[in-house]
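*Asks:* This is what each chain is made of:
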Amino acid sequence: MAELMDITNQIRHAFPEKVQDIIEFRGEVTVIVDPSAILEVAHYCRYTEGLQFNLLSDLGGNDYFPAEPRFGISYVLYSMSLNHTIRLKVYLPNSDPTVDSVVSMWQGANWMEREIYDMFGVTFTGHPDMRRILMPFDWNGYPLRKDFPLGYEEVAFSFNNDRVMAKKPHPME
Amino acid sequence: MTLSRDELIHASGIISDEQTLETSLDQLRGLVSPAAFTGETMLLNMGPQHPSTHGVLRLLIELDGENVITVLPDIGFLHTGIEKNMESKTYEKALVMTDRIDYLNNQGNTLVFSLAVEKLCEIDVPLRAQYLRVIVAELQRINSHLIWLGTHIMDLGASSIFLYALREREYILDMFEEISGQRMMGNYNRPGGVWRDVTPRFMTQVHKFLKYLGPKLDDYEAIVTENPIFVDRTKGIGVISAEDAINWSVTGPYLRGSGVNLDWRKAAPYSCYDHFDFEVPLGTNGDVYDRYIIRLLEMRQSIRIIQQALDGLPTGPTRTTNRKFAPPPRAELGSSMEALIHHFKLWTEGFKAPVGEVYVRTESPRGELGVYMAGDGTSKPHRVRFRTPSFVNLQSIGVCSSGVLVADLVAIIGSIDIVLGDCDR
Numbered sequence: 016m017a018e019l020m021d022i023t024n025q026i027r028h029a030f031p032e033k034v035q036d037i038i039e040f041r042g043e044v045t046v047i048v049d050p051s052a053i054l055e056v057a058h059y060c061r062y063t064e065g066l067q068f069n070l071l072s073d074l075g076g077n078d079y080f081p082a083e084p085r086f087g088i089s090y091v092l093y094s095m096s097l098n099h100t101i102r103l104k105v106y107l108p109n110s111d112p113t114v115d116s117v118v119s120m121w122q123g124a125n126w127m128e129r130e131i132y133d134m135f136g137v138t139f140t141g142h143p144d145m146r147r148i149l150m151p152f153d154w155n156g157y158p159l160r161k162d163f164p165l166g167y168e169e170v171a172f173s174f175n176n177d178r179v180m181a182k183k184p185h186p187m188e
Numbered sequence: 014m015t016l017s018r019d020e021l022i023h024a025s026g027i028i029s030d031e032q033t034l035e036t037s038l039d040q041l042r043g044l045v046s047p048a049a050f051t052g053e054t055m056l057l058n059m060g061p062q063h064p065s066t067h068g069v070l071r072l073l074i075e076l077d078g079e080n081v082i083t084v085l086p087d088i089g090f091l092h093t094g095i096e097k098n099m100e101s102k103t104y105e106k107a108l109v110m111t112d113r114i115d116y117l118n119n120q121g122n123t124l125v126f127s128l129a130v131e132k133l134c135e136i137d138v139p140l141r142a143q144y145l146r147v148i149v150a151e152l153q154r155i156n157s158h159l160i161w162l163g164t165h166i167m168d169l170g171a172s173s174i175f176l177y178a179l180r181e182r183e184y185i186l187d188m189f190e191e192i193s194g195q196r197m198m199g200n201y202n203r204p205g206g207v208w209r210d211v212t213p214r215f216m217t218q219v220h221k222f223l224k225y226l227g228p229k230l231d232d233y234e235a236i237v238t239e240n241p242i243f244v245d246r247t248k249g250i251g252v253i254s255a256e257d258a259i260n261w262s263v264t265g266p267y268l269r270g271s272g273v274n275l276d277w278r279k280a281a282p283y284s285c286y287d288h289f290d291f292e293v294p295l296g297t298n299g300d301v302y303d304r305y306i307i308r309l310l311e312m313r314q315s316i317r318i319i320q321q322a323l324d325g326l327p328t329g330p331t332r333t334t335n336r337k338f339a340p341p342p343r344a345e346l347g348s349s350m351e352a353l354i355h356h357f358k359l360w361t362e363g364f365k366a367p368v369g370e371v372y373v374r375t376e377s378p379r380g381e382l383g384v385y386m387a388g389d390g391t392s393k394p395h396r397v398r399f400r401t402p403s404f405v406n407l408q409s410i411g412v413c414s415s416g417v418l419v420a421d422l423v424a425i426i427g428s429i430d431i432v433l434g435d436c437d438r
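Keeping their order, the protein sequence lines are chains A and B. Read in order, the letters of the first sequence are residues 16 to 188 in the numbering used here. Read in order, the letters of the second sequence are residues 14 to 438 in the numbering used here.
Quick caveat, the hints were computed from the structure, so don't treat them as lab data. Predicted model only: the values in this text are computed from it and were never measured. Note that CB positions come from ideal geometry on N, CA and C, so glycine has one too.
Computed far set for chain A versus chain B, every beta-carbon distance over 10 angstroms: (1) E18; (2) N24; (3) G65; (4) P84; (5) D111; (6) T138; (7) D162; (8) A171; (9) R178; (10) M180.
Taking lysine-lysine pairs in the DSS-like style, the calculated list, with each CA pair at most 30 angstroms apart, reads: (11) A:K182 <-> B:K102; (12) A:K161 <-> B:K337; (13) A:K182 <-> B:K393; (14) A:K161 <-> A:K182.
If we strip away everything but chain B, and leave its shape as in the complex, we get:
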């Protein structure tokens, strides 16, 4: 039986009515190979509700048999307009929304936003606050990598690691609850420092956790790293060369897997990262396996950083004493008229940022997390842009997944480590 061209296109899952198309055939023409229009290759939808897409990601895949020819990601299902919303809120209120962007790197998001505000308004941050920020950010990195490890290995068919990883993550969430009162959306970092000093209980929790995590990571390595099934499914899969990775603006472990040494904690140290001694793990082949190794090594480096930060934690205030930007302590309100005025001004109008634009970048667990912030002299930002690593890294998925099998595509998505909230904002 021979099908007409229109019937073939309809069978491939694209509707041919130009008026109601989300992607018209003409637009697709340059993106997929001509064979897709004659029916020699098949166009297949993967997602947006596929369990291995880590959220709501839709991939339009062109298949020749089981081999992937082209991958066209379709994102935006989680777009919530956070950047637009921030333009109508004061800086302190906008901060609350930042945790919701990348829900596995909440503390890192508040950190980068606070850094941008501090740079724009020239706010000093006490040393103790900077150390605490590092501790919290590195705990968050371990948290994110644990979730990544669990879900990535589960995508490849092993479910036990997922349970182990979430058990470890639970301890980290307990620590966040201890310092901020919230397990995930803690809002601990504030412009000018951190919300409050940490409790002694938090310090014992961290010390215990660091001792506990190292041997657990050894266990995971014993289960996964040499596992023949895992190695077969990841070695030589999803290779991206160093030149391609740089050209596609890839950052984070995805880039370092290809052997490029770029870690913003080293290249442009922020928040006292230059005080600590740590290494940047690098891969050689740029495949899924190398990215796995790098993330495991990064967790060990994070343990090192936290250990050093705990040992060298200075005493002193945890938030700036500049009352134009940080509220006065509660005790002062009863006795000082000035404190009362500052308090009132901060919670009604907020502080005013000067006219100008800054760009601040940090190393999130996924790569370069940057904030472009433009102030216009009022208490609300003129524009806040989040340059999120998931969004930028995901666009190169077509480069490293051409020619692979559909099952390998699942491994590749996992190895890029995307968070769709981070991607769509």
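So that you can see chain A by itself, here it is in the shape it has in the complex:
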């Protein structure tokens, strides 16, 4: 634990303006990073001696609607040589849910970022293949957003398709 705090302090020291907060919860350390700096911080975490986070373990999103900034993207990093884990987190506003892609740092981020785009409508700039991945290509809306209804909707057939679709959320428009 103390060792993890050293690491986070090192990151805070390297990016005093970009690290917004450091949270400790249940033995896990989260570094809240300014979205504009995620690529720099990721690069620092991956290649600095003593950090060496070479494995991107998980990349997931969360929607804090109606709070602002609305979206939280968590990067769980793991270092194989030093056996430690931290989480980087960026918060994105509803008005502009865009963040730099980390595919150039970890190729494994490719599908995980596509999934976040598919589920939350967060766009990753610099991603090589920003398409939907799990939902059908013509799906309207982003299912894991909190304002996306869970069932209890009228089922769309060809005769009432337009009416049903008009009621669906189109958060990007």
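Using the hints, position chain B against chain A.
*Replies:* Positioned in the frame of chain A, the structure of chain B alone reads:
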């Protein structure tokens, strides 16, 4: 006869009408080589109903003759919105859905979900329950590897192993039925421990099975490992280097085949795995053959772990006595008002988790199975994300399959060991 560009594209299986495209040509442009648009190479659909894709996986393959140039997987056919559904259910109800994610690792899914709830709510788990969890998880690992062995070898043309493997798996399913009442979707692991203590019959079943399985594995090795056809079709096929594998976030036997020692049971022990003595088998070449060897060795290590867990199984309760999270025993309900209130609260409202987020990872038969769970102070999770190994491992299929033949692609898909339910959730 010369075909126009549009006719060629149509012949390749892509419709050129931009409005109705699932993948527009512009999007494909960066993903396949330019030769695909002039007709020098062919684009071919494999799946989603192909028998060797182990479920519903569609691959868009760019072919030069019979050589694979690019593989573009298309997934999502089994997407059922489990993560979204969980947000409207209490933690206990959401647990029921976890077995359905990876249908060959049911007990492992309930385990990782329970671990996440326990970490978020700080619930203690009795030692006996932790040992039972290990026994069940390792049985499940053997089960999953047996299915993998049978289907993988069948993809390569030998059907007898499939029958043998399913015969062995049947014994494991019988044991799960004995402890949980259900063969596959057992829901045995619960937040705070396990559902019930195991029966004496289960213990004899496990003891008998461990004695039975070892010689059977020897038989399989005698049939497959030195088999010249199998060796020819798997050695040097689907090679992924250690650097590439790490870069693509690959985990599990797929990663260890390339010689990287990462097993979460060792690296971040959960549920008492640090009490047991076992080895992590590693490969050297990172090819299909090495992954096969590793999974066979892992089954033997699982036998070792189960044996140790049975020998050292402590006595005591199998579920936490914290009544805020686990229901009181039935007998108490008639005499204790407090027990009645706890029972009522748990089955109507459920327990409340604090505000915060945790990430828990376990080693599933396929790799890192993680759960990101965010609580918001209510009895329903704010967000549950399953970081599933099939989803993350499958994206690197393009790396290890460029230049191979179509028939080898079948071997590679099998060696990654994907479960499409796990992939699509």
